[in-house]
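There are 2 protein chains.
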Amino acid sequence: MTSRPSFHLHDYLTARREIINAELNNLLRSSDPSRRIVEAMRYALIGSGKRLRPILCIAAAEAAGGNYKDVLPAACALEMIHTYSLIHDDLPSMDDDRLRRGKSTCHVAFDEATAILAGDALLTLAFEILANPDDTHSSDLEIRLKVIRMIARAAGYCGMIEGQMRDIRFEGKPLSPDKLKSLYALKTGALINVAVESGAQLAGCASKKIVALTDYADYIGLAFQVADDILNVEGDPDRMGKAVGTDAVRKKNTYPALLGLDASKALAGELVCSALAVLASFDYSAEPLRMIARYIIERKR
Amino acid sequence: MTSRPSFHLHDYLTARREIINAELNNLLRSSDPSRRIVEAMRYALIGSGKRLRPILCIAAAEAAGGNYKDVLPAACALEMIHTYSLIHDDLPSMDDDRLRRGKSTCHVAFDEATAILAGDALLTLAFEILANPDDTHSSDLEIRLKVIRMIARAAGYCGMIEGQMRDIRFEGKPLSPDKLKSLYALKTGALINVAVESGAQLAGCASKKIVALTDYADYIGLAFQVADDILNVEGDPDRMGKAVGTDAVRKKNTYPALLGLDASKALAGELVCSALAVLASFDYSAEPLRMIARYIIERKR
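Same order as they appear, the protein sequences are chains C and A. 1 is the number of the first residue of the first sequence in my numbering; add one for each residue after it. 302 is the number of the first residue of the second sequence in my numbering; add one for each residue after it.
Treat the hints as calculated values from the structure; they're not laboratory data. Note that this is a predicted model, so its numbers are computed, not measured. Treat each hint with caution, since some may be false.
[Claimed, not checked] So, partial list: chain A residues that the calculated Cβ filter (under 10 Å) puts toward chain C:
1. Ala416
2. Ser483
3. Ala486
[What the hints assert, rightly or not] Below, computed lysine to aspartate or glutamate pairings styled on EDC-like, alpha-carbon distance capped at 20 Å:
4. Lys447/A / Asp97/C
5. Lys69/C / Asp167/C
6. Lys173/C / Asp412/A
7. Lys146/C / Asp412/A
8. Lys447/A / Asp111/C
9. Lys552/A / Asp398/A
10. Lys146/C / Glu443/A
11. Lys474/A / Asp111/C
12. Lys251/C / Asp96/C
13. Lys510/A / Asp441/A
We put the beta carbon where it would ideally sit given N, CA and C, even for glycine.
Taking the hints into account, I'd like the entire structure generated from these sequences.
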């Protein structure tokens, strides 16, 4: 039996965030940082994000026996895709949000055209990074192409973008629990799922383990969104760095609106239990994934 | 000496457009075509576009001894990236255009949020297609990754997106000829160039020939933009499917504004001569590229 060193989630998240932030900074260095597009991209990308998707990608690679270095570029690409989706979702013609990650949204700090282009540029840069042939930690080329395709599919019109379409379309129109679940599976679940799966794939994970890891991702993806809905009701806007109470004002479909706050909390807890259960056969290397599952519903931002 | 069959540009362009349009249609088929995002993507993508970039990709592959089938998916991906850039450039916060390809722009026909997301979705789908491992006509995997990276770089914040940033930023502010040339090299040149290079790379072209082909692309890329500027002054809006005279109203930097109409026409002609000169060592297989170079300045739309 291997001894289990005590695992501190806070230290793990902090250490991983530092690595991710340093790499994001490195990937967006520019010979001319004063270019407005670079400024806007850096403004949105560099800062206080939770970095959940890149951390999940890294933790999944570690659970599959890999090293964080194998997947760091892919992890950063995922964060760029997530950030692009936030920039575009915050636009006046979509959610019209003015505060994000504790500061003005990109279109408020710059202008609408620059924000649209900065989002476009982060999405495009993500694929440039995923296809980087100079990456010395590259896995098998076939797997790398597969990962690009998986990520594009998850982020695209059959995944995250369809989720955002439905989110806008169904504002003010009550949904059934099933419809809300499938909306969330697209809007946030798809990218969270592919973060876990791409980490595992790039680390050379066996397919049986990948099934368990993507099941884990499905559970925590929904748990994350339920927790987000709850934070929008009772979170502290200062800690969260964005406004709260906005879902109710906009008559958004959320779990608290649909089930009430207590039932939503119970559901989030059950989802995390299910996520932990599918990891039962994993050894200590999956401890970060287990801790992240708990963190997802305990977080205050 | 091989006999030279007579080469009819019109027939070539029509045949290639038909192949490209059929494949675009095929790539955007959906199990649920009534989904609004799919409708908006199809609305912008399917129709009367010139298909210059995919045709160049195919013609470059043919000039390099390849077959159009080798590069058809990549060619279509390039058209999707071009179409996404048109959708976003036409938005109210950018060029605020209401007419494109003979019909209402995407945000007019749908709405702004849907147009932004349809553009995002076409960009993302382009990368999904480029990374398709099921593609039976796939080249060497390393080349395919290289092509993804090249295309992302050309379309990204150091290429096309920077060009659009400058185009907006310098509206009403006169530029020197050198600055206008470098703006155009980014805004339209980068994607035209990578269309030619990716076609050649995927067809397994020797590197010496690739240098000639990308030089050709640089010349015709600029010639295309100069011709576009001229058409905006004296083109027929019915044939072009978009408004004319808009550059002067917006005080856009254009070649006619900078050099006058006659000097602009002379420049376009010289650029095409230069493009033909760099193809001197190519045999009959480069005839489509030669004809396209002439077409670029003779076209009426």
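Exercise. If you take the shortest Cβ to Cβ gap from serine 483/A to chain C, is it below 10 Å?
Worked result: violated (13 Å)
Exercise. Within a Cα-Cα threshold of 20 Å, do lysine 173/C and aspartate 412/A meet the stated pairing?
Worked result: Answer holds: lysine 173/C to aspartate 412/A is near 19 Å, not above 20 Å.
Problem set entry | Interface hint compliance - alanine 486/A to chain C, C-beta minimum distance less than 10 Å | With a closest approach of 16 Å, the alanine 486/A hint is violated.
Exercise. Under the criterion that the straight-line Cα-Cα distance not exceed 20 Å, is the pair lysine 447/A, aspartate 111/C satisfied?
Worked result: Violated - the C-alpha atoms of aspartate 111/C and lysine 447/A are around 34 Å apart, more than 20 Å.
For this session: Could you grab the alpha-carbon distance between lysine 510/A and aspartate 441/A and see if it respects the 20 Å cut-off?
Result: holds (18 Å)
Exercise. Within a Cα-Cα threshold of 20 Å, do lysine 146/C and aspartate 412/A meet the stated pairing?
Worked result: violated (34 Å)
For this session: With a cut-off of 20 Å on the C-alpha distance, tell me whether lysine 251/C and aspartate 96/C pass.
Result: holds (14 Å)
For this session: Measure nothing beyond the straight line between the CA atoms of lysine 69/C and aspartate 167/C; if it is 20 Å or shorter, mark the hint as holding.
Result: Measuring from Cα to Cα gives roughly 35 Å; hence the hint is violated.
Problem set entry | Pair hint outcome, lysine 552/A versus aspartate 398/A [Cα-Cα no greater than 20 Å] | holds (15 Å)
Exercise. Given alanine 416/A was flagged as interface, is its beta-carbon under 10 Å from a beta-carbon of chain C?
Worked result: Cβ of alanine 416/A sits 8 Å from chain C, so the hint holds.
Exercise. CA of lysine 447/A to CA of aspartate 97/C, is that 20 Å or under?
Worked result: violated (38 Å)
Exercise. Within a Cα-Cα threshold of 20 Å, do lysine 146/C and glutamate 443/A meet the stated pairing?
Worked result: holds (13 Å)
Figure legend: structure checked against the earlier numbered hints; hints not met, in rising order: 2, 3, 4, 5, 7, 8.
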